[in-house]
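Asks: The chain contents come next:
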Amino acid sequence: MSWKEIEEGATIGHDLTKSPKTGDWRYMKPRVDKKNCIGCGTCFSYCPEAAIDFDLERKADIDYDICKGCGVCASVCPKKAIRMAKNV
Amino acid sequence: MSKENKNLALTGGAAAAEALRQINPDVMPVYPITPQTPIVETFVKIVADGEADTEIIDVESEHSAMSAAIGAQAAGVRAMTASSSQGIMLMSEMLPIASGMRLPILMLVSARAISAPINIHGDHQDVMAVRDLGWIQIFSENVQEVYDNAFIALKLAEKVRLPAMVIMDGFTTSHSVENLEILDNSTVKNFIGEYNPKNYLLDFENPKTFGPVALPNSYFEFKRAQIGAMDEVIEEYFDICKNYAEISGRDYGLFESYKLEDAEKAIVAAGSTAGTAKMAVDELREQGEKVGLLKIKLFRPFSYHEIAKALKNVKNIAVLDRTVSFGSRAPLCNEIKNSLYEIPDTKYNIQSYIYGLGGREVLKDDIKKAFQDNWNEKETKYIGLK
Chain A
764 MSWKEIEEGA TIGHDLTKSP KTGDWRYMKP RVDKKNCIGC GTCFSYCPEA
814 AIDFDLERKA DIDYDICKGC GVCASVCPKK AIRMAKNV
Chain B
2 MSKENKNLAL TGGAAAAEAL RQINPDVMPV YPITPQTPIV ETFVKIVADG
52 EADTEIIDVE SEHSAMSAAI GAQAAGVRAM TASSSQGIML MSEMLPIASG
102 MRLPILMLVS ARAISAPINI HGDHQDVMAV RDLGWIQIFS ENVQEVYDNA
152 FIALKLAEKV RLPAMVIMDG FTTSHSVENL EILDNSTVKN FIGEYNPKNY
202 LLDFENPKTF GPVALPNSYF EFKRAQIGAM DEVIEEYFDI CKNYAEISGR
252 DYGLFESYKL EDAEKAIVAA GSTAGTAKMA VDELREQGEK VGLLKIKLFR
302 PFSYHEIAKA LKNVKNIAVL DRTVSFGSRA PLCNEIKNSL YEIPDTKYNI
352 QSYIYGLGGR EVLKDDIKKA FQDNWNEKET KYIGLK
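The listed protein sequences derive, respectively, from chains A and B.
Per our numbering, the first sequence starts with residue 764, numbered consecutively.
Per our numbering, the second sequence starts with residue 2, numbered consecutively.
No lab work stands behind these hints, which were simulated from the structure alone.
Hints may contain errors.
Stated by the list, open to error - Heads up, simulated DSSO-like pairs for lysine-lysine below, C-alpha to C-alpha not over 30 Å straight-line:
id, chain 1, residue 1, chain 2, residue 2
1, A, 767, B, 243
2, B, 382, B, 370
3, B, 224, A, 767
4, B, 199, B, 209
5, B, 209, A, 767
6, B, 199, A, 784
7, A, 781, B, 199
8, B, 209, A, 781
Extracted from the complex, chain B is given alone in its bound form (with noise of 0.2 Å):
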């Protein structure tokens, strides 16, 4: 660990923005949307005091702000972006098109609800919405993880050549001020190392189309080995977290087990909400309940049998999921009950709770409160709701 890292108190958007000046990409198309704003706003002042060189290029919407950045990671270099909501929406065409093309674009999201009726508060409807484009997504519970996330996503996504999202929770992490710790630069850029692409459009010793079409005698194909680039992930994920931990002293995993060991009664959550439950999980302790919690931070891939692993004796457990699904169950809640089935004779009961939509506050008592609800898998509940 260096002696040169300091303490700052940063939003989350500011931290994000901090660690966007220390990889200093080589270019970052962007387009403005509540809550990013403090993202963006933040570094296009660093870069206007000279104390980053990006090319900056300001579109005219989110579907061209992905495409520039497609075009730019395709010619070779480091291409970033920033976005919520209805942008995710408005890019949701490009997304595959950068998980397909297999550029490793990074994109730091401030999680929103969708319209209709608009609303520009925190839920990951947004992010969820988007989670089977073949970008990798990880969670942040603080202001810190967003800042350490940043590293971690680039570096996942250059070694496997998949795009990744680093998603904070809109305003709740991306426009609070908390305390955390940057790094020194000199730390972060041996940490990330210098762009060096397999395949670029400016290789003119290697002339090489990309995105050409593909019928049905190879698409197939293509697709199978984008599955192949995902399953890598997870492994890369481990070995990059350990690297991460050396020079931060903070060790990340696929995800977080807090009390879990002994827990007859666990909650699984992702986001700044899993902070509100580690503190309700400790008072519950107090009182002696053996409760516990699984902080979701990896979530595309997603983890199957490692959670399994880690939820294997919980026998209660509650899936508190800050998005919908219509017509379907929760979709966190469906990944954790179908990561459990194969733990073989066990019966599990697993309750789901929709939370949260629309940046409903969702407070310590609240997640006490549904500790102490009888949990069946029959329907599923909801937090906060009137």
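Chain A extracted, bound-state conformation (with noise of 0.2 Å):
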């Protein structure tokens, strides 16, 4: 590309619709059991991929497109309430 052309300060703009999802990585798959679940945030803050949300109910929430199944979710719940199967 000729430098007129060319991105200003060498910056790259992405397009997420084209960007690979890190969530088809994963080999295992945590689940969350919403029913044990006390909502206590810490998978939110260890999860390293910040996959991990609160739903309406403020029970863990896994963003399964980004979710590279680690499985650090899994070890931190107090819990139990995450726990990591076969991804299918």
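Build the complex from these two chains, which are given one at a time in their own frames, with help from the hints.
Replies: Written as structure tokens, this is what we have:
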């Protein structure tokens, strides 16, 4: 590309619709048992991908487009309310 | 011109802080170093008094100060900092990152000698050492210019999206109290306007990566585009100075020509020494000598064509550098010689002087004496050397 058309300051714009989803890498999938979840937020702060948020009932809610299935949430959950199972 | 303008007596550092108060930057990461201290110490007091709502970040080094400023500016806000000497040396790794990423960060510099040996006093070695890192550099002669240049530099930086340094002489300007005129708050606010970044990290609709790797297939093009941005500066600077003259009554150019029209001998200098040189020029003119001065303001980018035009008819020129380029001729002198090369078939006699290193005083009589020297191109001369 010629210097006249190149992006200013070498910034790269991203088209999110075309970007790969890290969720595609997942082998093990965390599942939240919403009955046992107490909404303490431990998984929320530990998740390395920031893939966990609260739902309307303040229960852990995982964004599977982003979750890579590392299992940190399951291991830190004080209520054992998150379980890892094979991705299907 | 507004009627609300008021006259104050401030140090260069406090005048810079007053300009910062009126700009009200969003983020200011700072690390203390003499003689930059009066800038930040005055400004944090202003923030503590609630007169500005800048987020001050006390960082652990100047490297971090510039890194934090880059992060904040990339996020999409106005970030500024201030430094001197070794602080600028430590920042030097981050300076080309700010310019390469096209982030219009404003840095107020109180120029000082660099180590070793340790010296805290004023000269231009720190800013000259980083002159090729893609920053706009504007020299200020006095306290009024420090204040005015802060607004001009900010507006210029944001227009072309390049970082800018406003340079004052350490101690001579930063710590000396002078009278200056302060514009009223709303005039300044209208002049600088809101900051509208072109690319910024917190633009969630258009996510972007800043500072990616660029290999041999694209790096060269990015750098060429950056050269293009620097080329735009001079034209924009004219327009901005014109607008600034309308609100302040102070008309600044790329440089100041002082009694140059019929001059047979002229001195070129930057910073506070230009003020001293004006007095020397006035006194020599009274004795009938045709002498003049060209005061450098915008040093990066350097306005070769315009300076060549201004000096065209002066055959004897002395260039005063307050810095050294070891193993090379002094940088400002090189630029002046470079400028005059484009005037065809004319022989100029250009004398290089080095003066005032480590804060060595340069007085009016020193400059008068320099005017009376025999100027030649062969060797560099030194003012005030024992």
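Asks: For each hint, tell me whether it holds in the structure or not.
Replies: Each hint, compared with the structure:
1. A C-alpha spacing of about 29 Å is found between residue 767 (chain A) and residue 243 (chain B), which places the hinted pair at or below 30 Å, so the restraint holds.
2. In summary, the hint linking residue 382 (chain B) to residue 370 (chain B) is supported, as the alpha carbons are separated by about 12 Å, within the 30 Å threshold.
3. For the proposed pair residue 224 (chain B) and residue 767 (chain A), the alpha carbon gap of about 11 Å is at most 30 Å, so the pair holds.
4. For the hint pairing residue 199 (chain B) with residue 209 (chain B), the CA-to-CA distance comes to about 11 Å; that is within 30 Å, so the pair holds.
5. A hinted pair counts as satisfied when its Cα atoms are at most 30 Å apart, and residue 209 (chain B) with residue 767 (chain A) qualifies at roughly 20 Å.
6. Note on residue 199 (chain B) and residue 784 (chain A): the hinted pairing holds, with a Cα-Cα distance of about 27 Å set against a maximum of 30 Å.
7. Distance check on the hinted pair: residue 781 (chain A) and residue 199 (chain B) sit about 23 Å apart at the alpha-carbon level, within 30 Å; holds.
8. For a cut-off of 30 Å, the pair hint linking residue 209 (chain B) to residue 781 (chain A) stands: about 14 Å separates their Cα positions.
In the structure shown, no violation is registered for any of the earlier numbered hints.
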